[in-house]
Amino acid sequence: MGNFSKGRLAGILFGLAFVGLVVYSAVSSMTGSKRGTGTPEGAVELLFDAMSREDVIGVMSVMAPFEVGTSADLYPRAVDLAVAADIIEDANWLAGIDFEAEDLEMSTTVLHPDVALVGLARGEFALTLDPATADPLFTDTDSLHGSITLQEAHRQLSSAIWDANAEIGDFPFTLRAPDELFVMTVKHDGKWFVSASYTAAEYGRQILDLPPADFSASRDNAASGATTPSGVIDDLVEMVNSRSIEEHWDAILSGDPDGVFEPFNVFSPPDELGALLDYAPAYNALVDQMEEWLADDGLGLGVEAATEMLENIELEGDVSLSVTTREVPIDDEKSTVYLESGSISTHILLSNQASDESVFFQLEATWEGLCARGFAGFDYPLNPGSSGFAEFNECLPQGVLPYGLDEVFVIVTETNGYWYISYVETILAYAEIYVAEALRRPELRSRLPEVDFAAAPS
Numbered sequence: 006m007g008n009f010s011k012g013r014l015a016g017i018l019f020g021l022a023f024v025g026l027v028v029y030s031a032v033s034s035m036t037g038s039k040r041g042t043g044t045p046e047g048a049v050e051l052l053f054d055a056m057s058r059e060d061v062i063g064v065m066s067v068m069a070p071f072e073v074g075t076s077a078d079l080y081p082r083a084v085d086l087a088v089a090a091d092i093i094e095d096a097n098w099l100a101g102i103d104f105e106a107e108d109l110e111m112s113t114t115v116l117h118p119d120v121a122l123v124g125l126a127r128g129e130f131a132l133t134l135d136p137a138t139a140d141p142l143f144t145d146t147d148s149l150h151g152s153i154t155l156q157e158a159h160r161q162l163s164s165a166i167w168d169a170n171a172e173i174g175d176f177p178f179t180l181r182a183p184d185e186l187f188v189m190t191v192k193h194d195g196k197w198f199v200s201a202s203y204t205a206a207e208y209g210r211q212i213l214d215l216p217p218a219d220f221s222a223s224r225d226n227a228a229s230g231a232t233t234p235s236g237v238i239d240d241l242v243e244m245v246n247s248r249s250i251e252e253h254w255d256a257i258l259s260g261d262p263d264g265v266f267e268p269f270n271v272f273s274p275p276d277e278l279g280a281l282l283d284y285a286p287a288y289n290a291l292v293d294q295m296e297e298w299l300a301d302d303g304l305g306l307g308v309e310a311a312t313e314m315l316e317n318i319e320l321e322g323d324v325s326l327s328v329t330t331r332e333v334p335i336d337d338e339k340s341t342v343y344l345e346s347g348s349i350s351t352h353i354l355l356s357n358q359a360s361d362e363s364v365f366f367q368l369e370a371t372w373e374g375l376c377a378r379g380f381a382g383f384d385y386p387l388n389p390g391s392s393g394f395a396e397f398n399e400c401l402p403q404g405v406l407p408y409g410l411d412e413v414f415v416i417v418t419e420t421n422g423y424w425y426i427s428y429v430e431t432i433l434a435y436a437e438i439y440v441a442e443a444l445r446r447p448e449l450r451s452r453l454p455e456v457d458f459a460a461a462p463s
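Last residue of the sequence shown: 463 (this note's numbering), numbering continuous.
Do not take every clue at face value.
Said to hold, decoys possible - Derived CB-CB ranges, DEER-like:
| no. | residue 1 | residue 2 | range |
| --- | --- | --- | --- |
| 1 | THR233 | TYR428 | 35 to 45 Å |
| 2 | SER163 | GLU59 | 22 to 32 Å |
| 3 | TYR408 | THR329 | 48 to 58 Å |
| 4 | LEU281 | GLY393 | 36 to 46 Å |
| 5 | PHE397 | ASP337 | 34 to 44 Å |
| 6 | PHE383 | GLU297 | 18 to 28 Å |
| 7 | SER247 | GLN358 | 18 to 28 Å |
Keep in mind the hints are simulated off the structure, nothing from the lab.
Virtual Cβ for every residue (Gly too), placed ideally from N, Cα, C.
Using the sequences and the hints given, assemble the complete structure.
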């Protein structure tokens with residue numbers, strides 16, 4: 006039985022409790038049972054209860070639904086694949102790991118009617134791993150038994166931040182430890198859930214001592230989506246075609262977020278991007294601090310030179326995009342939108358005002374399914390002999406992609422009467438196809454006689 010220092014336990018325990026949440030929500034987003042609870046503290050209690058039972062699905066059920074998606078079938082299939090590939094021994098791969106949260110004392114600070122910080126004032130975390138019953142994946146780790154109080158874990162974090170301040174020298178900010186450890190929660194459809202993205206963003210904001218977040222950005226001030234599932238793509242195409250290349254370039258140079266990202270605002274779900282939108286003002290303040298520091302320290306010369314170089318570049322031209330879509334409803338609030346075919350035409354004249362040099366780029370392409378044809382090229386107007394053009398007519402070769410994946414698609418979801426592309430659901434849909442394809446391989450299928458391959462998506 007090995008003994009671990011409290012510092013190491015702090016890293017292990019909070020790595021499990023917080024980093025694990027981010028990994029689960031970003032990679033293992035796979036539950037449709039949106040449990041939630043009536044209070045922020047209740048959501049945190051359910052989270053630690055599920056962790057103590059090594060219940061991955063239970064953990065997912067108390068995570069914010071817009072972070073974890075609704076694909077309940079992916080987790081068992083992913084476990085099957087891990088077993089077949091000899092990554093883990095069996096589906097009960099968390100056996101032998103025991104995590105306990107005891108005597109927790111929590112408090113709630115409401116930051117917005119739909120956002121609350123749950124402080125972890127007191128309590129104790131205990132972690133036990135027994136190699137005798139643990140999956141071979143963990144057998145390289147000695148058996149450990151240990152516990153740490155939340156107060157001691159907070160002291161460990163504060164000490165680490167103190168040491169970091171000594172290392173960063175004259176940076177334009179001083180790191181500070183949060184007043185207490187905490188978990189961020191959000192309200193969704195009347196229930197409270199734990200949010201990994203808000204937790205990570207708030208820890209970063211507090212440690213970097215940044216201004217407060219604006220929680221109305223993704224709620225009261227969120228851009229409206231499309232009125233139909235396929236309208237999401239139609240609106241994006243219209244937004245791209247409504248501007249010249251020069252207008253797109255000027256928006257980028259001016260640092261106008263609405264100008265640059267307006268097409269994305271139209272079809273991005275405000276809940277999935279909630280933490281990004283809400284914490285943007287806080288982290289923009291960090292960017293401003295860094296820019297001022299670089300300028301004052303004489304290190305901004307390179308930035309200024311790069312900025313001046315970009316400002317000397319002018320872009321003229323146009324872009325024309327068309328997309329033919331097909332939508333297949335999944336349920337009342339979710340549809341698959343296939344990008345069956347389309348075309349793109351761009352003509353761009355790039356001029357460097359400082360050197361009077363210019364180059365002309367052209368792209369003409371059409372696609373159908375996963376096949377594309379057209380031509381692309383460039384030409385220097387001041388040097389007619391310097392040009393290059395190439396035609397292409399290519400399809401992705403069979404065997405590169407899983408069986409049945411012959412069109413690009415996105416999953417769109419309905420929120421408050423508007424439709425948006427769901428990044429989480431789209432990623433999960435592609436992941437499910439790849440996992441199902443892997444499980445069809447004979448060398449893996451033979452190891453899993455109980456897998457229902459007929460039910461696997463094609």
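query: Which of the listed hints are broken here?
result: Of the numbered hints, 1, 3 and 6 do not hold.
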